[in-house]
Structure formats: C-alpha cells, structure tokens
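Generate the whole structure from the sequences, applying the supplied hints.
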Amino acid sequence: MANPLPKHRAREYETIFILDPECPSDVTDQIAARLRDVIARLEGKLLRAENWGRRRLAYPVRKHNKGIYIYLKYLGYSDMVAELERNLRMIERVIKHMTVKLEEDVNPETKAVRDEDISFVPQFEEEIDEPAPPAPVEAAEPAESDAPACASSGSVELAEGEENEDADTSDAGDEPGSDEEEK
Amino acid sequence: MSERPKADGRRRGRRRRVCRFCADKNLKIDYKDAQGIRYFISERGKIVPRRISGNCAKHQRQICVAIKRARNIALMPFTASNR
Ligand SMILES: [Zn+2]
Numbered sequence: 001m002a003n004p005l006p007k008h009r010a011r012e013y014e015t016i017f018i019l020d021p022e023c024p025s026d027v028t029d030q031i032a033a034r035l036r037d038v039i040a041r042l043e044g045k046l047l048r049a050e051n052w053g054r055r056r057l058a059y060p061v062r063k064h065n066k067g068i069y070i071y072l073k074y075l076g077y078s079d080m081v082a083e084l085e086r087n088l089r090m091i092e093r094v095i096k097h098m099t100v101k102l103e104e105d106v107n108p109e110t111k112a113v114r115d116e117d118i119s120f121v122p123q124f125e126e127e128i129d130e131p132a133p134p135a136p137v138e139a140a141e142p143a144e145s146d147a148p149a150c151a152s153s154g155s156v157e158l159a160e161g162e163e164n165e166d167a168d169t170s171d172a173g174d175e176p177g178s179d180e181e182e183k
Numbered sequence: 184m185s186e187r188p189k190a191d192g193r194r195r196g197r198r199r200r201v202c203r204f205c206a207d208k209n210l211k212i213d214y215k216d217a218q219g220i221r222y223f224i225s226e227r228g229k230i231v232p233r234r235i236s237g238n239c240a241k242h243q244r245q246i247c248v249a250i251k252r253a254r255n256i257a258l259m260p261f262t263a264s265n266r
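Just so you know, the sequences run in chain order A and B.
Residues in the first sequence are numbered from 1 upward in steps of one, following my numbering.
Residues in the second sequence are numbered from 184 upward in steps of one, following my numbering.
Source of the hints: derived by calculation from the structure; they are not laboratory data.
Quick reminder that beta carbons are idealized off the backbone N, C-alpha and C, glycines included.
Just so you know, nobody snuck in bad clues.
Computed from the model, here is a short list of chain A residues facing chain B with C-beta under 10 Å:
no., residue
1, 14
2, 57
3, 59
4, 60
5, 95
Below, the structure is given as structure tokens:
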C-alpha cells in the first residue's frame, strides 16, 4: 500500500511555448521529453500536448518572425508552474512561453487521457519559403494604451514568461474556472 | 436576433444591438483562437470598445483577457505597425 497517493486536488494549467523556427524535430522531441519528466516528477499529469507547427509570429520575438508553437495542458500542484517555467527559461530554443491556470480544484481521476491526446508531431506546417529573413532591428513599438476598452479585474491567473519585451498583460478575468471546458 | 440599427446619419460600420456571445451560447471565447477574436481588434491592433462591437460587459471582459493573452504569446499584435 505504499502508493504515492494522489493528493486529491490538483490545478489544471495550460502552457504555450514557442521554439525558435529552426529547431530540429529531434530537439523538439528532447524538449518534450524533458518537460514530461518534470510533470511526472512533480506528480502531475499531462492531459494534452499539441505541436501547432511553425507559425508566423504577430511580432518579432528575439529577432525571429516565425516560431514553433507547442501547447501543453496538464494537472499539477502548487510547485508545478514554477518548476516547469524554470525549465523553459533554461532551454535556449524556447523564445517565449506563457502559462494560464484553467481550473482551480480538479480531481485528477476525473481527467482521462487518451494516447492520441498527446502528440508532438506538427499538426500543420506553414510552408516556409525563406529561412526567416533577418528581422530589421527596429523593435516593436510599445503597446499603445488601450486601457479604456475594458475594465480589468478579477482572478484568472496569468503566469507569463519573463522575457516579454512588451508585456502589458495584466491579469484580468472572469470568475474563476468559468470558461474552458469542464467535463 | 440582430435588429439592424437604423441608418441614422451617424452610422458607423459595425454596430449591433445584441452581444453575439449572449445570443449564441455556442460561441466560445478562447485566446488560442486568433481568428475568432481578431474580429475585436481594430486595424491598428487596438481592442474595439464595446460600444462599437456590441458586446455586453461580461463578454467584453472575456474578450479583453483573451486578446491580452493572445498578444502575450505572439498570436496577436500589440500594434499594427509590425508585420
Ligand atoms: Zn454577452
């Protein structure tokens, strides 16, 4: 009976991170394996993984105009996000990342995972003609203030990567655990 | 149920009475769906105020959060200038 019993209540998170567009697929796989290890080690549970392929970025990030988007959804306890993001920051190939808390109080047993939910194979590859032209060194202008468009307040937590040149993203939200699937 | 607003001189492109998310419960607001929320930013990348978009306060709040998240992870621009 020495089960490492599930502490019952976990949180559900999702993390998106962006790899530099030249990251080869075997390196992507290594990174994926490393992050899965982190999740497993902290007794979390990977619920979903997707590779969105190489996409155009809405603004240059570390001189890159494109990036490979990886999406993870997982359960974890209070130490999970810090540790996962610590790892992401250490991985050179990761140029940006963001974590959002989806649900506060989840019983891990209610979340089933099918094999096909977890895949790091690119779903669709934007045909990439030229290998990312060198970005002009004019940085993105800082965001204009669009403050009045919405009054932000609330509790949805947005743990964001540190290297946001232009992070204006304050956390703001709706009622805890409202949107996103419940199931 | 979108009652078309009268063309009352000061008609401005998009205008609608009813919040589309209230009208259609199946519409989801998801920051990962850049196509879906692109509708709520202007050409310059600014968030469209709800007096124009017609969203109710609740859904406008959710749209705002979604746009900010999308911007943060480079799915959406902060401004139109870069592209
Ligand atoms: Zn509404």
